[in-house]
Structure formats: structure tokens, C-alpha cells
Amino acid sequence: MPLQNNRIDQTIAPRRRFVIAFVSLLALFLFGLPFAAFSDDTLFEPVNESQRTTQDVPAGALRVRTVRVNWGALNPRTNELRLNLFDDVNLTAEFGRVDASVTGAYVWVGEVPGEPGSIATLAVQDGVLSGSVHRGGHEWVVIESAGGETSDLYTIREIDPNAPQPTAPDEIVPQLSETDGGFSSTQSATCQEDGSKISVLIAYTAEARDAAGGVAAIEALINRRISEMNTANDVSQVNFDWVLADAVQVDYVESGSIQTDLESLQKKTDGRMDGIHAVRDAVKADLVAL
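Positions 67 to 356 (our numbering) are the ones given, in order, by the sequence shown.
It cannot be assumed that every hint is accurate.
[As the list claims (entries may be wrong)] Listed below are the simulated SDA-like cross-link pairs for lysine to any residue, each with C-alpha atoms no more than 25 Å apart in a straight line:
1) K334 <-> D307
2) K263 <-> A166
3) K263 <-> T297
4) K263 <-> A277
5) K263 <-> N305
6) K263 <-> N296
7) K333 <-> G322
8) K350 <-> M295
9) K350 <-> V239
10) K333 <-> E237
11) K333 <-> S243
12) K263 <-> A298
13) K263 <-> E294
14) K333 <-> K350
15) K263 <-> L353
16) K333 <-> D352
17) K334 <-> I264
18) K333 <-> S321
19) K334 <-> D317
20) K334 <-> V239
21) K263 <-> M295
22) K263 <-> L328
23) K334 <-> A355
24) K334 <-> R346
25) K333 <-> H343
26) K350 <-> D340
27) K350 <-> T256
28) K350 <-> G322
29) K263 <-> V349
30) K334 <-> A311
31) K350 <-> A277
32) K350 <-> Y172
33) K333 <-> V349
34) K334 <-> V266
35) K333 <-> A348
36) K263 <-> G183
37) K333 <-> E294
38) K350 <-> L242
39) K263 <-> H343
40) K263 <-> F110
Hints are computed from structural coordinates only; laboratory data are not their basis.
From just these sequences and the hints, can you work out the full model?
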């Protein structure tokens, strides 16, 4: 029966090739496309004109662009990012370091090759990004969550270097008395740390939270600022690191006066932000900021 077997083989062979081709295409569709998407190192995706959060350029800015984040491009192990900030601005940032945080955030810090003093700082807290790009040692671009119903949208704002800076008188908070919760002791104390790390507890109000775009947004901002402070220390060859001890919301209505708010933060028994002192002791923070 050699002739019959040959005909069977000729019939089965095309079917086998069809099955193999089909399986190969299916594997490419299921596995190839995600890898192609994740290999893209472009950080921002454009949005339609109708999705833009604002058409107006805010005070202190030269221009604003609304975007979405390509989360497939950004993670703590990203080696290189393409920052397509504006239509005419595409920068490449190379990995420098990543900072971990007590809040669960990570901060990716990268340098722009060929531009001394140009650094990208990208903080991610619970899927929310807060970023900045410094060029020539100056803050040049800020990336912020649009917040609200457009929580997946972000604004890229180019800072106007000639815009007037906020000014106000320096507020001097007087030393507290022991009655108000000031510290006084005749006992000597021995420092148990080497000074290589200074921990900071950051308290924030509901007003500040809402202005930033929510809890994750303000905590991403806080972590970004801590990281930027450490970058400034590195550039200045200052031999210590800032560490975020914690970030907590306080039940306090802002007064509109910086001095009043700082005194309320400092006092332990005025019934305003008394609980922050117990939190400071618990996390062993060197400093507290509002």
C-alpha cells in the first residue's frame, strides 16, 4: 500500500503546516504584542484636543501640555527613558539611582546625557506620578496629576524663568514655653546617630491634598521633593541624606497665615495638631514640616 500511504501523507502535510502557522500567529498575538508595548521607552502618550484639562497657560508658566503616562516605560529598573515633553522637546534620561520610600513609593532619578546639571526626577506613589526636569541646575518642567475625574491625565508645565517669585516677610516662630509644650531639661544627652541621615515627618492638610489631586498625588510630590533635596546635597557634596520618616494628613483647617499654622504645628496642647507629636515620637523623626 505505498501509493495509498503517500496520498495520506500528502493530505496531512498541508494540514500540519496550517496548524503550525496558526499556532505561531496565535503565539505572536498573545505574547509578542505585550513585549512590543513594554519595550517602548517613550514616557508620555498624547491625548485628544477634547481631553485637555485646560486651554489656558497658568501664571508662572510658558506652556502646558496634557498627556497620559505610558506606564510600560517606567519602573524602578528602567535603564533609559525618552521624555517627549513637548512637540519640539524630546530628551533622553539615563538611569542614575532609585529611591525607595516608607510610603511605598519609588523615585526614579536619571541624568540627561550631554547636559550638565540636567536631571529628571519621577516619583510614583500608588500608580500616580509626580515629576520634574531640571536643566542647567534650574527647575524647568513640572509634571503633575490633573486630579479629579481626569485622574489618568497629567499636565506638563514649563516654568517661566522670568516669572516673579512669591515673596513674603520671614515668619519667626518664638520658642515655646514649657506650658505650651516646649522642651527643657538639665540632663545631658548623648547622640546615638552619626548624622548621615536626617529624617523628616511631613504633615499635610486636606486643602493641600485636594490641591495636589489626592492622597497618592501629594505623597508622590512629597517623595519627589525629598529626592530632589538629596540630589541637591549630592551636587553640593553635602555629606548627609534626607529620609522621609512618614507622610500623614492632619485634621487642621489652614488659617491663611504661615506663622499661625507653624505655631499650631509646634504647640502640643492647643487642641489643633497635638497628635502630630505622638506620631513624631513613634517614627523618631528629627524634623517635622507642614
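> Quick one, are K263 and A277 close enough, alpha carbons at most 25 Å?
Replying inline: violated, 30 Å
> Quick one, are K333 and K350 close enough, alpha carbons at most 25 Å?
Replying inline: holds, 18 Å
> Keeping to a limit of 25 Å between CA atoms, is the pair of K333 and E237 held or broken?
Replying inline: holds, 16 Å
>> Would the hint linking K263 and A166 be met if the CA-CA limit is 25 Å?
In response: Satisfied, since the Cα-Cα distance of roughly 14 Å is no more than 25 Å.
>> Just to be careful, I want the Cα atoms of K263 and H343 compared with a cutoff of 25 Å; is the pair within it?
In response: OK: K263 and H343 at ~20 Å, within 25 Å.
> Within a Cα-Cα threshold of 25 Å, do K334 and R346 meet the stated pairing?
Replying inline: Judged against 25 Å, a Cα distance of about 12 Å means the pair holds.
>> Check whether the Cα positions of K334 and D307 lie no farther apart than 25 Å.
In response: Outside the cut-off at roughly 28 Å; violated.
> Keeping to a limit of 25 Å between CA atoms, is the pair of K350 and T256 held or broken?
Replying inline: The given pair, whose Cα atoms are some 15 Å apart, holds under the 25 Å limit.
> Between K263 and N305, is the straight-line Cα distance small enough, at 25 Å or below?
Replying inline: This hinted pair holds, its Cα atoms lying about 9 Å apart.
>> Check whether the Cα positions of K333 and V349 lie no farther apart than 25 Å.
In response: Holds - the C-alpha atoms of V349 and K333 are around 19 Å apart, at most 25 Å.
> Does V349 lie within 25 Å of K263 when you go C-alpha to C-alpha?
Replying inline: With Cα atoms ~14 Å apart, K263 and V349 stay inside 25 Å; holds.
>> Check the hint pairing K350 with A277 against an upper bound of 25 Å on the C-alpha distance.
In response: Distance of about 28 Å is beyond 25 Å: violated.
Checked against the numbered hints given earlier, this structure breaks hints 1, 4, 28, 31, 37, 40; the rest are met.
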